[in-house]
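Novice: Listed below are the residues making up each chain.
Number of protein chains: 2
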Amino acid sequence: MQQRWKLTIEYDGRPFSGWQRQEAGIPSVQAAIEAAIQSFCQQDITIHVAGRTDAGVHARGQVAHFDLDYGNRALTGYDLTKALNAHLRETPVVILDAEAVGEDFHARFSAVNKLYIFRLLNRPAPPAFERGLVWHVRRLLDVDAMRAGAAHLLGHHDFTTFRDTDCQAKSPMRTLDRLEIIAKPCVAGSGQDLEFHVEGRSFLHHQVRNMVGTLAMVGDGKWTSDQVREALEARDRRAGGPTAPPDGLYLVRIDY
Amino acid sequence: MQQRWKLTIEYDGRPFSGWQRQEAGIPSVQAAIEAAIQSFCQQDITIHVAGRTDAGVHARGQVAHFDLDYGNRALTGYDLTKALNAHLRETPVVILDAEAVGEDFHARFSAVNKLYIFRLLNRPAPPAFERGLVWHVRRLLDVDAMRAGAAHLLGHHDFTTFRDTDCQAKSPMRTLDRLEIIAKPCVAGSGQDLEFHVEGRSFLHHQVRNMVGTLAMVGDGKWTSDQVREALEARDRRAGGPTAPPDGLYLVRIDY
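Protein chains in written order, with UniProt numbering: chain A, 1 to 256; chain B, 1 to 256.
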């Protein structure tokens, strides 16, 4: 009997070329998990993901699904999680949860909301712990100015300015429900830890990184916050700011 | 002219045998920083630390001092920080701040308060990001029971039960000013992120790890919270719980 399984996944994106399986020899998160499933049940199974992440992008709560015919043997989510994690032991990929779901569940198409968090370490000194896990910006950014810039991006817009020129989505229209910037002073030394909390039903390719890169220009005083609105209205990628590096980006939660 | 410098330091303890310099070839945080100073000014200088950390223990805000005769050349804290970080680039050690201080400042003896944070990842799934950076405990711990146990440890006591048998301190008397447990649900999947915030003027060898290891016994239901008081009153290391691993321990802040 076939059963659909929903996986919730955490991974450190640093060693991977991204989520998507590539040719043999190129490390991807998808290939790592599919290899674990193959080791567990000796079946070649393709998994379907909610949000394909790029090279170096991380996940705290990625979601994927797959169908498994395990014969008449009983299989619980607890056992499946434990078995896959045993096979994933040598990789920075962890299954947080495996849940039996109905056939109408689809990791990508059933998603109604996604939360991305972008981490930015804003201090003169480089990170000892978070190399490749944050965007390190030395010059102190003006958080209030970035918040004013972010306000222009909320709502339903044509996000062509913040979309990679290679983006395959049919429409550049998206609804941005939240773009909140949380700032905390560093625990020691000068500087601040910034988190950009970004929510919406779906995003264009590089949209979060392009929005963060643009807001950093505002925080650095090179742009006014009103220029973010002008860039959005230009509907032209060349009017936007630079793409922030993948290091700081985490897919944190997907709601269904 | 000789100047005393106060360094604030962040380091990932995983690759080190601890703070203290050992024989050649054994990696220590002290040796890494002294080598950076040597590269910067061609002088063999010994640095003095506030709290020697054990192998695998981390720091977010360690403090050390040293004396440097830099001739008649001007040297700012900004320049010293930048130069040392350039020499430390290949190590997970970062100077957060360098400050010129008076000759009466001593990293260890002038300290009036220390904050340690012990991080515990309490969920079935192993960590993808924090291997060696948290203590991973699979079974769900009862935080309220641990808080009741922790309350017995606050104040001025003979901490022999929580002191390593090799501890060199003359007196086992210490004052514990704070032992707060902060619990947050994991962002995805089941489980909780725990932080033990521990403050006092000074601590015995392994005191924080022995207290956390004992409280975990309470959280796991193997001890009652009253047994923590009984263990403390026994003044015998054999009456205490196990030593928590170094992975979760961070020296976060030192007040002067």
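Possibly wrong hints are sitting among the right ones.
Here are the simulated DSS-like pairs of lysine-lysine, each with C-alpha atoms no more than 25 Å apart in a straight line [unchecked claim]:
id : chain 1 : residue 1 : chain 2 : residue 2
1  : B       : K184      : A       : K184
2  : A       : K184      : B       : K82
3  : A       : K222      : A       : K184
4  : B       : K184      : B       : K222
5  : B       : K170      : A       : K82
Derived contacts from chain A toward chain B, CB cut-off under 10 Å, selection only [claimed, not checked]:
id : residue
6  : Q62
7  : Y78
8  : D97
Residues of chain B clear of chain A, computed beta-carbon distances all greater than 12 Å [as the list claims (entries may be wrong)]:
id : residue
9  : R4
10 : E34
11 : D44
12 : H58
13 : Q62
14 : L96
15 : A125
16 : R131
17 : L232
FYI, nobody ran anything at the bench for these hints, they're computed from the structure. We put the CB at the ideal spot given by N, CA and C, even for glycine.
Novice: Compare the structure with each hint and give your call.
Specialist: A quick look at each hint next to the structure:
1. With a C-alpha separation of about 17 Å, the suggested pair K184 of chain B and K184 of chain A falls inside the 25 Å cut-off, and the hint holds.
2. About 23 Å separates the Cα atoms of K184 of chain A and K82 of chain B, which keeps this hinted pair within 25 Å; it holds.
3. This hinted pair checks out: K222 of chain A and K184 of chain A have alpha carbons roughly 23 Å apart, not beyond 25 Å.
4. As the CA atoms of K184 of chain B and K222 of chain B are separated by approximately 23 Å, the hinted pair is consistent with the 25 Å bound.
5. Only pairs whose Cα atoms come within 25 Å are accepted, and K170 of chain B paired with K82 of chain A is rejected, the gap being roughly 48 Å.
6. Among the interface hints, the one on Q62 of chain A holds; its C-beta lies about 8 Å from the nearest C-beta in chain B, closer than the 10 Å criterion.
7. For the restraint placing Y78 of chain A at the interface with chain B, the shortest Cβ-Cβ distance is roughly 8 Å, inside the 10 Å limit, so the hint holds.
8. With a least beta-carbon distance of about 5 Å to chain B, the hint placing D97 of chain A at the interface is held under the 10 Å criterion.
9. Listed as outside the interface, R4 of chain B is consistent with that label: its C-beta sits roughly 19 Å from the nearest C-beta of chain A, beyond the 12 Å cut-off.
10. The beta carbon of E34 of chain B is kept farther than 12 Å from every beta carbon of chain A, the shortest such distance being approximately 17 Å.
11. In this structure D44 of chain B is separated from chain A by more than 12 Å, as the shortest Cβ-Cβ distance comes to about 25 Å.
12. With a closest Cβ-Cβ approach of about 8 Å to chain A, H58 of chain B is found to fall inside the 12 Å limit, against its non-interface label.
13. The Cβ of Q62 of chain B sits about 8 Å from the closest Cβ of chain A, inside the 12 Å cut-off, so the non-interface label is violated.
14. L96 of chain B, annotated as away from the interface, has a beta carbon of chain A within 12 Å; the closest lies near 3 Å.
15. A beta-carbon of chain A is positioned within 12 Å of the beta-carbon of A125 of chain B; the least distance is around 5 Å.
16. Non-interface call for R131 of chain B relative to chain A: violated, since the shortest CB-CB distance, roughly 8 Å, does not exceed 12 Å.
17. Taking the minimum C-beta to C-beta distance to chain A, about 29 Å, the non-interface status of L232 of chain B holds against the 12 Å cut.
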